[in-house]
Amino acid sequence: MSSTSRLLATSTTSTSLPPSSSSTPPPPPPPPPGPPYPPTTAQLGLTPSPIPDIPTSAVLLVLFLLALSLHLSVLLRNRRQGVVFPFSGLLAVFCGARVVALCLRCAWAVHPRDGRVAIASQIFTAAGVLLVFVVDLVLAVRVVRAARPWVGWRRWVRGVLVGLVACAVGVLVMVVTVTVQEFFVVPGAHARVVDRRVQLFCAAFLAVYAFLPVVVVAVALAVPKGQRGGFDRFGEGKWRSKIVLLVSGATLLTLGAVMRTVAVFVTRPLEDPGWFHSKASYYCFNFVVEFVVVFAYALARFDQRFHVPDGSSGPGDYSGTETGAEKRESTEDLERQGGEDESTRGVLLPASKSAEEEEEEDKEEEEDEDEDEEEEEEEEEEEDEDEDEDEDEDEDEEEEEEEKEEEEEKEDGEEDEDEDEDEDEDEEEEEESKKSTERSLRLIPSGEASQPSIPMTASSMYSQRLSVSSLVHEEDVAWMHWAMVGATVF
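Quick note on numbering: full-length UniProt numbering labels position 152 of the sequence shown as 152, and the sequence is numbered without any gaps.
Among the hints, erroneous ones may be present.
Said to hold, decoys possible - Each pair of labels, with its calculated beta carbon distance range:
hint : residue 1 : residue 2 : range
1    : 255       : 156       : 25 to 35 Å
2    : 46        : 116       : 11 to 21 Å
3    : 383       : 69        : 40 to 50 Å
4    : 176       : 223       : 35 to 45 Å
5    : 428       : 398       : 36 to 46 Å
6    : 116       : 320       : 47 to 57 Å
7    : 379       : 79        : 28 to 38 Å
8    : 270       : 84        : 41 to 51 Å
9    : 116       : 156       : 40 to 50 Å
10   : 47        : 100       : 18 to 28 Å
11   : 231       : 38        : 34 to 44 Å
12   : 284       : 86        : 23 to 33 Å
13   : 284       : 113       : 24 to 34 Å
14   : 255       : 383       : 42 to 52 Å
Bear in mind the hints are in silico, worked out from the structure with no lab data behind them. All C-beta atoms, glycine included, are put in the ideal place defined by N, C-alpha and C.
Sequences are here, hints too, so could you generate the full structure?
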């Protein structure tokens, strides 16, 4: 009995002891999600949703398709006419990139968890606008070459332009690389810090790049004309309208670039984004501003306003006003001012020429001078003819005025003559009436004329008429007699 009680006691104590912690280890933490990783801060435009992103993107999509058709039709029409203006094609490509970006935005709104669609949408949104920046910069250089040819056609200006275009291509590559790498690097890694710095640099560079055409045009117009002066006009339309169109477009694009720069520099958490991260700011300062610029360029026919002749390479090529000798002189001056060595000059300009070539050049110069003189004489003759025509017109007008005055004077004279005739007739009638009264008074006896008038009967009147008729000529006696009888009877 004692042994059995001991076994039971040991079994109860062994069952009452808690299990050791080493027997059941805790479960390991879940592994982090794989790439692409969602952003940890608020992004420009936020995450799209079906409402309102899809309707807004659809409207902008139609507008950019309209701008695409306009620029593409202008490009094809110019090509059929033999006019080379590639900037219409670049803007057509830009409109196509914006159409693709809006389509990807709608797809991202339908599939918000698809990281690949989000990456593609952000790449097309950030990279497309560089095409318009490059177009504005090249047009600004054309303005400089037209306003200040002695500056715009120097070699260092061309080198700076090529360098800026190359920088734009490099920044485009950097933007695409950073945008893709941000989705495939673990948050908190050192690569994220480097990507952040690259993003800040690219945003600031693009803002300055967008405003650069305004600065270039302002500096070109502020620089004095110099000794040569001159104005090398190009394209159609007024000079002021070209400047206003270019500066307005560059200013609007700068506004959009500045807003994107602010959204990159000012970081906000996902739960509390800033107003510049909102969807309204995203659509207005990106797509709306860009559509206004490209559509204004199409309506204003910037292909005609900023077109220059093919093969333009020096002062006077835009307007075609300089002769060959003047172009050579201007090129020599530019080479001397640029400080190039003799070997470079020898490549551009031959060091020695034969006598025949010099004679031919002299003949060409003389022919050009003769043509210029003939053109000036023709212009002077046209001006003289215009002046003669103006003088003849003035003389004709004066003669017409004199004729009108003479006609008015004649009419006044005729009216005066009619009045005089009427007055003469009235006077004649008065004289005749006076004469008739005098004759009647002569026929009446003096005694009767002095007597007062008394009422007369028919018999007395008849007797009086007879007395009067006796004094009348004998031939009228019978006629007067019967007339008096009829009057008395009546």
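Exercise. Between residue 116 and residue 320, is the Cβ distance one that fits in 47 to 57 Å?
Worked result: Given a distance of about 54 Å, which is inside 47 to 57 Å, the answer is holds.
For this session: For the range 36 to 46 Å, tell me whether the beta carbons of residue 428 and residue 398 fit it or not.
Result: holds, 45 Å
For this session: Could you tell me whether the CB distance from residue 116 to residue 156 stays inside 40 to 50 Å?
Result: Holds, since residue 116 and residue 156 (Cβ atoms, about 45 Å apart) stay within the stated range.
Exercise. Could one say that the CB atoms of residue 255 and residue 383 fall in the range 42 to 52 Å?
Worked result: Since the Cβ atoms of residue 255 and residue 383 sit about 49 Å apart, the hinted range of 42 to 52 Å holds.
Exercise. Between residue 176 and residue 223, does the beta-carbon spacing fit 35 to 45 Å?
Worked result: holds, 38 Å
Problem set entry | Range hint compliance [Cβ, residue 255 to residue 156, 25 to 35 Å] | Once the Cβ atoms are compared, 31 Å apart, the range 25 to 35 Å for residue 156 and residue 255 holds.
For this session: Determine whether the Cβ-Cβ distance between residue 46 and residue 116 falls within the hinted range of 11 to 21 Å.
Result: holds, 19 Å
Exercise. Should the hint that residue 284 and residue 113 are 24 to 34 Å apart at their CB atoms be regarded as holding?
Worked result: holds, 27 Å
Exercise. Do residue 379 and residue 79 keep their Cβ atoms within the hinted range of 28 to 38 Å?
Worked result: Check passed, 36 Å falls within 28 to 38 Å.
For this session: May I ask you to test the hint 34 to 44 Å on the CB atoms belonging to residue 231 and residue 38?
Result: violated, 57 Å
For this session: Can you let me know if the beta-carbon spacing of residue 284 and residue 86 is within 23 to 33 Å?
Result: 30 Å Cβ-Cβ, so the 23 to 33 Å window holds.
Exercise. CB of residue 47 to CB of residue 100, is that within 18 to 28 Å?
Worked result: This hint holds: roughly 19 Å between Cβ atoms.
This entry does not satisfy hint 11, going by the numbered hints stated previously; all others are met.
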